[in-house]
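**Student:** Chain residues, written in single-letter form:
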Amino acid sequence: MNGVHDMGGLQDMGPVQHEKQEPVFHAAWEGRIYGIDRALRFIGKWNLDTWRHQIELLPPADYFRMTYYERWLRINEQLAVKYGLVTPKELETGAPDPGSAKATPTLTAAVAAQRLGRGIPSSHDPKVSPRFTVGQRARARNMNPTGHTRLPRYARGKLGIITHDHGVYSFPDTNAHFQGEKRQHVYSVRFAARELWGENASPRDSVHLDMWDDYLEHA
Amino acid sequence: MDSTRRTFLTAAGAVAAQNVAQGQDREHEHQAVPSDAALRVKALESLLVEKGLVDRAALDLLVDRFEHKVGPRNGARVVARAWVDPAYKKRLLADAPSAIAELGYTSGQGEHMLVVENGPKVHNLVVCTLCSCYPWAVLGLPPVWYKSAAYRSRAVIDPRGILRECGTQLDEDVEVHVWDSTAELRYLVLPERPAGTDNLSEAELAELVTRDAMVGVSKVPPPGEKV
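Going down the list, the protein sequences come from chains A and B.
Start counting the first sequence at 261; every next residue gets the next number (my numbering).
Start counting the second sequence at 2; every next residue gets the next number (my numbering).
None of these hints come from the bench; they were simulated from the model.
Since the model is a prediction, treat every value here as computed from it, not as a measurement.
For glycine and all other residues, C-beta sits at the position ideal for the given N, C-alpha and C.
Just to be clear, a hint being listed does not mean it is correct.
What the hints assert, rightly or not - Pair ranges (Cβ atoms, derived):
{"id": "1", "chain 1": "A", "residue 1": "PRO319", "chain 2": "B", "residue 2": "ASP61", "range": "31 to 41 Å"}
{"id": "2", "chain 1": "A", "residue 1": "LYS362", "chain 2": "B", "residue 2": "ARG165", "range": "52 to 62 Å"}
{"id": "3", "chain 1": "A", "residue 1": "SER389", "chain 2": "B", "residue 2": "GLU51", "range": "42 to 52 Å"}
{"id": "4", "chain 1": "A", "residue 1": "LYS305", "chain 2": "B", "residue 2": "ASP61", "range": "31 to 41 Å"}
The task is simple: from the sequences and hints, build the whole structure.
**Tutor:** Rendered as structure tokens:
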């Protein structure tokens, strides 16, 4: 969806502010919501693409107003209700509904430690063949899906060159909505800064984006 | 830009800045008056634990791992090793996940990695314009500025402006390569080894390597130079 999260190329968003000696978490609750978030994702009712889309669905003014971990808190509350881990009433009262069964299995520290080491599935799959090869020119599709996508607006319709084939990955546009993994090749595509931003950009600069096969057409 | 929008952005920026500035004090503040977010997180945690979904110890482990164990010192050791060991550097550039795993760092958001090398005529810069993708295994969790609208919006259209603000002056003939992390690949910049470091040990070199240099907004300063 064409949301405010898709920020590449926006102007006048203020200075980049570096904080000296920045702590990992600015308050204890930020660490706790980080842990809760990871734990709930390990439970597996939703995937990373669903999670990202839930952030994109935040009302634009809220998205800007909230701090980073406030967004995490809001969407974890939303996802927990949406996918049936807790009821709206439980969220409101902070206590389990009377008579509700205990969830099993509980996500334990041992399982969390094991899951941390596991990571994203392998990107090697000989059954899925690439549509592009390194060195080939490719054009990013002009598309405006209303669901989740990882094709930023600033690259749509632009011409680039494939520089790496990263292997095979789930397709976020379908995976976010539980419409199948639709595994396909992901490439690094180099776009000249001038192709993206016009002739005032440096002729030497470029932006690489990682693009799924379905985001590209032959040029 | 019309004045309403500017006012909105200024206000939003001020709130964000205030949140960041108050960050250090929040720990103290919420002892007395817990913030709304602190209360809601506490309520959510209690609920999840009481329902049997999550053990508190699992949350403790996840927080501890990313607050104390995983961080930019991991990446700094990778960079220092690459500087002193050409064979390691070759492996790192060819197959980053395996080379990084050699040093024992394998924890999430780093399994699919590409290390991009700076040189006299090439400077690399990493961003995630859509959210906050970052190589956790080697850099830990991203700083606030990396996740900010200011950085995400501008890194792709005005990387040289960002670099200048971070004190990094590049000659006109240097190519700037921006890497927008739009998929599951994570990027680590291998900075140039600064001059005057021939006599330093690998451990001393690692001390010089900054997080910002591994994201690409700055260079590694020579020894003794204030960052």
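**Student:** Hints first: check each against the structure and report whether it holds.
**Tutor:** Against the structure, the hints:
1. As the Cβ distance of A/PRO319 to B/ASP61 is approximately 33 Å, the hint placing it in 31 to 41 Å holds.
2. A/LYS362 and B/ARG165 have their C-beta atoms about 57 Å apart, which keeps the hinted 52 to 62 Å range intact.
3. Between A/SER389 and B/GLU51 the beta carbon distance is about 50 Å. The supplied range of 42 to 52 Å therefore holds.
4. Between A/LYS305 and B/ASP61 the CB atoms are about 22 Å apart, so this pair departs from the stated range of 31 to 41 Å.
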